[in-house]
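There are 2 protein chains.
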Amino acid sequence: LGLHRAGSVGSSHIVMAAALEAGNLAKALPIYADIILKPALQPDQFELSRELVLQELAGLDDDPRQKVMLKLYERFYPAPFGTSPLGTAEQLGALTADKCRELIKKHFNLSRTIFAVAGKYDFGDLCRQIETLFDTDQPDAQPDISAGKSAGKYLHQHHDGAQVHIGLMTPTVPVSSPDYYNAMAAVAVLSGGMSARLFTEVREKRGLCYAVGAKYHTLKNFAGIASYAGTTPDKAQQTADIIIEQFKLLADGISTDEIGRAKVGLKSSLILQS
Amino acid sequence: LGLHRAGSVGSSHIVMAAALEAGNLAKALPIYADIILKPALQPDQFELSRELVLQELAGLDDDPRQKVMLKLYERFYPAPFGTSPLGTAEQLGALTADKCRELIKKHFNLSRTIFAVAGKYDFGDLCRQIETLFDTDQPDAQPDISAGKSAGKYLHQHHDGAQVHIGLMTPTVPVSSPDYYNAMAAVAVLSGGMSARLFTEVREKRGLCYAVGAKYHTLKNFAGIASYAGTTPDKAQQTADIIIEQFKLLADGISTDEIGRAKVGLKSSLILQS
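Chains A and B are the protein sequences, given in the same order.
By the UniProt record's numbering, the letter at position 3 of the first sequence is numbered 3, and the numbering carries on one by one without gaps.
By the UniProt record's numbering, the letter at position 74 of the second sequence is numbered 74, and the numbering carries on one by one without gaps.
The hints are simulated quantities; they were obtained by calculation from the structure and are not laboratory data.
If a hint is listed, it holds; no wrong ones were tucked in.
If several chains are the same, the list does not tell them apart, and a pair holds so long as it fits within one copy or across any two.
Below, in silico cross-link-like pairs of lysine-lysine (BS3-like), each with a Cα-Cα straight-line distance of 27 Å or less: (1) K248 / K149; (2) K235 / K67; (3) K67 / K149; (4) K215 / K67; (5) K235 / K248; (6) K215 / K248; (7) K248 / K205; (8) K220 / K105; (9) K149 / K71; (10) K99 / K38; (11) K205 / K263; (12) K220 / K71.
Build out the structure end to end from the sequences listed, making use of the hints.
Okay, structure coming up:
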């Protein structure tokens with residue numbers, strides 16, 4: 001069918017996507033229904049997949065920047081929401097194709113699945129086909145998972161390398177809040193390009209590290225502003241101090257210029273995002 | 001002015017960019033003319049900048065994936081074209097603000113500079129302003145730098161980590177060639193999403209590594225297809241063998257489906273790129 005497939009597993013969603021010629025849409029959907037409703041999970045394929053995730057997990061040791069961000073989310077969000085989508089070596093070791101099939105049966109919930117199509121297609125035809133393909137006796141929506149405690153505060157993990165990788169995260173409003181755009185603007189003031197505060201204060205004025213930034217990170221009901229800096233051991237404390245100071249200084253006010261830049265930045269990233 | 005600045009140094013170009021409100025364009029240009037024609041390079045700022053580049057260079061040890069790609073370009077392209085824009089610690093140690101000023105005077109060439117604006121502006125006014133601001137007695141275009149030899153072949157660099165990082169690169173046509181789109185399609189067949197050959201053969205069928213891909217990389221007169229794989233020591237040889245095999249198999253033909261997918265992929269990335 002000439003499908004251009006894509007897929008990803010996040011901490012709260014699994015995404016399956018494809019780009020294809022409009023004329024092939026009706027032929028592609030039954031394949032996706034099959035993948036979603038009746039995953040084969042053949043033993044040899046399952047073993048290969050587990051091997052790959054274990055490799056990816058081990059590979060994090062060669063990618064300390066990603067590792068520190070995964071650790072940060074894990075400690076910041078109330079358990080189990082911050083859990084890394086990769087899991088742990090122990091969890092992966094205990095997984096079998098049967099357990100996986102059971103998980104899918106219990107927790108993949110079509111009543112909470114979003115289906116989106118963009119392009120040239122007939123809305124009525126598409127809805128009829130989707131309703132036929134996914135007409136299953138799936139259980140109703142599961143109750144929401146209840147949130148535990150977040151680990152929070154400090155974690156120091158030893159790492160043999162020339163650098164120190166710092167991750168910092170502070171709570172803010174989730175995407176559903178009326179203050180969502182205020183939070184986004186605050187992050188843009190901290191970290192929107194070379195004129196933003198973290199870049200100017202940490203990098204340009206003090207030369208503390210070449211990589212520093214902040215971003216808005218959200219799950220459905222929780223959100224935070226996460227900051228990353230890669231620096232050297234002798235400059236790590238000052239880097240952390242200045243980042244925290246810059247987070248606090250946001251409360252003292254933001255200039256008209258900064259808000260102007262933040263708006264331009266947010267608008268252009270909205271227009272240019274795919 | 002609420003400028004949203006951006007800048008980068010590549011192996012053949014320096015890029016300076018800004019996003020701003022259309023009404024501020026005429027006020028921003030004189031500032032850019034100043035930055036380009038009369039860089040201050042104050043001693044303390046210069047030292048800070050050198051420090052940051054040295055830090056970035058040291059930081060590569062914590063980012064073996066980027067490190068292997070920089071080494072790959074360095075050996076693949078004829079000297080000096082593959083030189084990393086970061087330089088070496090020795091070169092950075094020998095650099096002074098005065099030498100830097102001299103380099104800029106000798107080699108920054110306005111007759112070879114491209115100026116681009118998108119948005120709401122008056123073309124005539126803009127051209128007049130640019131001509132006034134940049135009306136200098138700059139030298140004519142310098143002769144092209146002559147290409148030396150490429151180091152090529154194998155390089156093994158020791159690395160303490162759980163993974164082996166493999167970089168492979170083979171010559172192809174540069175962007176000016178009539179075969180450019182054929183080269184891009186070939187790369188898309190090798191590495192355009194989850195249905196592409198490298199992903200399928202190296203990852204899905206054999207589980208050799210979770211990260212594998214190829215990309216087209218070009219300078220003005222030279223280009224190559226570069227491949228990266230991150231794998232484990234016991235699977236490194238087979239990973240390299242299969243990648244090389246997949247590069248060779250391209251010559252045996254490409255199916256209609258694959259070309260269809262490649263076209264869809266290239267078109268959508270063209271539409272979605274900023």
